[in-house]
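Given the coordinates of chain A, assemble chain B onto it according to the supplied hints.
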Amino acid sequence: MVKEIERTGIPVVHMCTVVPISLTVGANRIVPTVAIPHPLGDPSLDLEEEKALRRKLVEKALDALSTEVEEQTVFED
Amino acid sequence: MGKIKVVHYINQFFAGVGGEEKADFEPEVREEVVGPGMALNAGFKGEAEIVATVICGDSYFGENMEEAKARILDMVKEYNPDLFIAGPAFNAGRYGVACGTITEAVQNELGIPAITGMYVENPGADMFKKDVYIISTRDSAAGMRDAIGKMAPLALKVAKGEEIGSPDEEGYIPRGIRKNFFTDKRGSQRAVEMLLKKIRGEEFETEFEMPDFDRVEPGKAIEDMSKATIAIVTSGGIVPAGNPDHIESSSASKYGKYDIDGVDDLVEGEWETAHGGHDPVYANLDADRVIPVDTLRQLEKEGKIGKLHRYYYSTVGNGTAVASAKAFASEFSKELVEDGVDAVILTST
Numbered sequence: 000m001v002k003e004i005e006r007t008g009i010p011v012v013h014m015c016t017v018v019p020i021s022l023t024v025g026a027n028r029i030v031p032t033v034a035i036p037h038p039l040g041d042p043s044l045d046l047e048e049e050k051a052l053r054r055k056l057v058e059k060a061l062d063a064l065s066t067e068v069e070e071q072t073v074f075e076d
Numbered sequence: 000m001g002k003i004k005v006v007h008y009i010n011q012f013f014a015g016v017g018g019e020e021k022a023d024f025e026p027e028v029r030e031e032v033v034g035p036g037m038a039l040n041a042g043f044k045g046e047a048e049i050v051a052t053v054i055c056g057d058s059y060f061g062e063n064m065e066e067a068k069a070r071i072l073d074m075v076k077e078y079n080p081d082l083f084i085a086g087p088a089f090n091a092g093r094y095g096v097a098c099g100t101i102t103e104a105v106q107n108e109l110g111i112p113a114i115t116g117m118y119v120e121n122p123g124a125d126m127f128k129k130d131v132y133i134i135s136t137r138d139s140a141a142g143m144r145d146a147i148g149k150m151a152p153l154a155l156k157v158a159k160g161e162e163i164g165s166p167d168e169e170g171y172i173p174r175g176i177r178k179n180f181f182t183d184k185r186g187s188q189r190a191v192e193m194l195l196k197k198i199r200g201e202e203f204e205t206e207f208e209m210p211d212f213d214r215v216e217p218g219k220a221i222e223d224m225s226k227a228t229i230a231i232v233t234s235g236g237i238v239p240a241g242n243p244d245h246i247e248s249s250s251a252s253k254y255g256k257y258d259i260d261g262v263d264d265l266v267e268g269e270w271e272t273a274h275g276g277h278d279p280v281y282a283n284l285d286a287d288r289v290i291p292v293d294t295l296r297q298l299e300k301e302g303k304i305g306k307l308h309r310y311y312y313s314t315v316g317n318g319t320a321v322a323s324a325k326a327f328a329s330e331f332s333k334e335l336v337e338d339g340v341d342a343v344i345l346t347s348t
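If you read the protein sequences in the order shown, they are chains A and B.
Residues in the first sequence are numbered from 0 upward in steps of one, following numbering that gives the first Met the number 0.
Residues in the second sequence are numbered from 0 upward in steps of one, following numbering that gives the first Met the number 0.
Pulled out of the complex, with its shape left as it was, chain A reads as follows (with noise of 0.2 angstroms):
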């Protein structure tokens, strides 16, 4: 799907946790995250500071989309 989307022009930015995988289908914005059943969140913390962490990997996601790439590039901490 992610190149499918990115074939039109519209840049895409994959948040995934298993990258391998994600490089291998062809994301060219990648933001690894926490789990694989929750990729946005984290149930062992409260609910405060489970916002923030998510807060935190979606602006990394903006930053990407900010950024311009010349080919698949792991957006990393």
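Hints are supplied without guarantee of correctness; some may be wrong.
Here are some chain B residues pointing at chain A (derived, C-beta under 7 angstroms) [unchecked claim]:
(1) Glu62
(2) Gly110
(3) Val215
(4) His277
(5) Lys325
(6) Leu345
(7) Ser347
Below, in silico cross-link-like pairs of lysine-lysine (DSS-like), each with a Cα-Cα straight-line distance of 27 angstroms or less [unchecked claim]:
(8) Lys129(B) to Lys55(A)
(9) Lys2(A) to Lys226(B)
(10) Lys256(B) to Lys196(B)
(11) Lys50(A) to Lys128(B)
(12) Lys55(A) to Lys303(B)
(13) Lys59(A) to Lys300(B)
(14) Lys129(B) to Lys325(B)
(15) Lys306(B) to Lys55(A)
(16) Lys303(B) to Lys59(A)
(17) Lys50(A) to Lys303(B)
(18) Lys2(A) to Lys219(B)
(19) Lys149(B) to Lys128(B)
These are calculated hints, taken from the structure and not from any lab test.
Computed from a predicted structure; not experimentally measured.
For glycine and all other residues, C-beta sits at the position ideal for the given N, C-alpha and C.
The following block gives chain B in isolation, referenced to the frame of chain A:
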């Protein structure tokens, strides 16, 4: 020589440990034949035997790849086997990636002959087909007998260092290796014959498959995020409660388009996941953990992004055919363009 000693790798499901609720099961070794190992052992016809089975949960492996790999390599090393077999993983994505990763590591780091098996669309196949022999299996465990019937003979050949035939003969996924051999017809003649077959619309077999490099140019970066419309797309199967479009929990045949106008937070009971490939508990309690509607709404209010697009698109990425996913996205991408969406956040579980 005596019997070939085999270590077998399987996931928590095939070991009978449990389903998705046990997917974080840490690596464990058992000195016995477990699950599909029984059929493999029978397939060896007395030439080899499984001395130990390593079991690991799929999510544990996927989320801790380096650590899982190191621990499993230590376990395998302990038995000093003559052969290592992982799977078969069919179309289970995390399992296939685990099988490929560990098969490659056993072969290349421990120097022990190793093979695995999975469906050709399993992401593990593309990742590792160049490195290791992967028997091409069907997409579900209904193909177990067929898979074992090909894996056992190839495994024995690999262990004994015998010559391995072509992908067609042995049943493995082509590795892109060229092999020179003598033939009675020269190249020009073969080429003309192939061309004539093609013109007549007959089946012909290429002698050199071109690699399929399907890469897409990265989209242009967003210059002013505060004016951008951001849309959410997910393969995590988030749907309104009750799954109104009946998106299948695996091998999805459709996607859904859902209105989140005025929704600030995906609350329990109103939103859930249709995904059947991982434990759904966390997403059902708070679907924002899969698609961050609450955060994006907040960023919209603060003016950090222009707008959160009114609709999000969702399907279940669990054994779903690549062709289906491609068709879904090519259809809804047209709408994204028409609706003036500037960028997409795509989340996967």
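Satisfaction of the Lys325(B) interface hint, Cβ to chain A closer than 7 angstroms: Given a least distance of 6 angstroms, the restraint on Lys325(B) holds.
Are the Cα positions of Lys149(B) and Lys128(B) separated by 27 angstroms at most? 16 angstroms, holds
Take the C-alpha atoms of Lys256(B) and Lys196(B), compute the straight-line distance between them, and say whether it is at most 27 angstroms. 46 angstroms, violated
Would you mind confirming whether the straight-line C-alpha gap from Lys2(A) to Lys226(B) stays at or under 27 angstroms? Cα-Cα ~24 angstroms, so holds.
With chain A as the partner, please determine if Ser347(B) meets the hint condition of a C-beta pair closer than 7 angstroms. At about 4 angstroms, which falls below the 7 angstroms cut-off, the nearest Cβ of chain A leaves the hint on Ser347(B) intact, so it holds.
Taking 27 angstroms as the top limit, are the C-alpha atoms of Lys129(B) and Lys55(A) close enough? Not OK: Lys129(B) and Lys55(A) at ~37 angstroms, beyond 27 angstroms, violated.
Sort out whether Lys128(B) lies within 27 angstroms of Lys50(A), counting only the CA atoms. Outside the cut-off at roughly 40 angstroms; violated.
Please work out if Lys2(A) and Lys219(B) have their alpha carbons no farther apart than 27 angstroms. With Cα atoms ~14 angstroms apart, Lys2(A) and Lys219(B) stay inside 27 angstroms; holds.
Hey, Lys50(A) versus Lys303(B), does the alpha-carbon distance stay inside 27 angstroms? Roughly 17 angstroms separates the two Cα atoms, so the pair holds.
Would you check whether Val215(B) satisfies its interface hint, that is, whether its CB is within less than 7 angstroms of any CB in chain A? 5 angstroms, holds
Hint validity - His277(B) Cβ closer than 7 angstroms to any chain A Cβ: 4 angstroms, holds
Checking one constraint from the list: CA of Lys306(B) to CA of Lys55(A), max 27 angstroms. Satisfied? Given that 27 angstroms is the threshold and the Cα spacing comes to 19 angstroms, the pair holds.
Violated hints, listed in ascending order, are 2, 8, 10, 11; each of the other numbered hints is respected by the structure.
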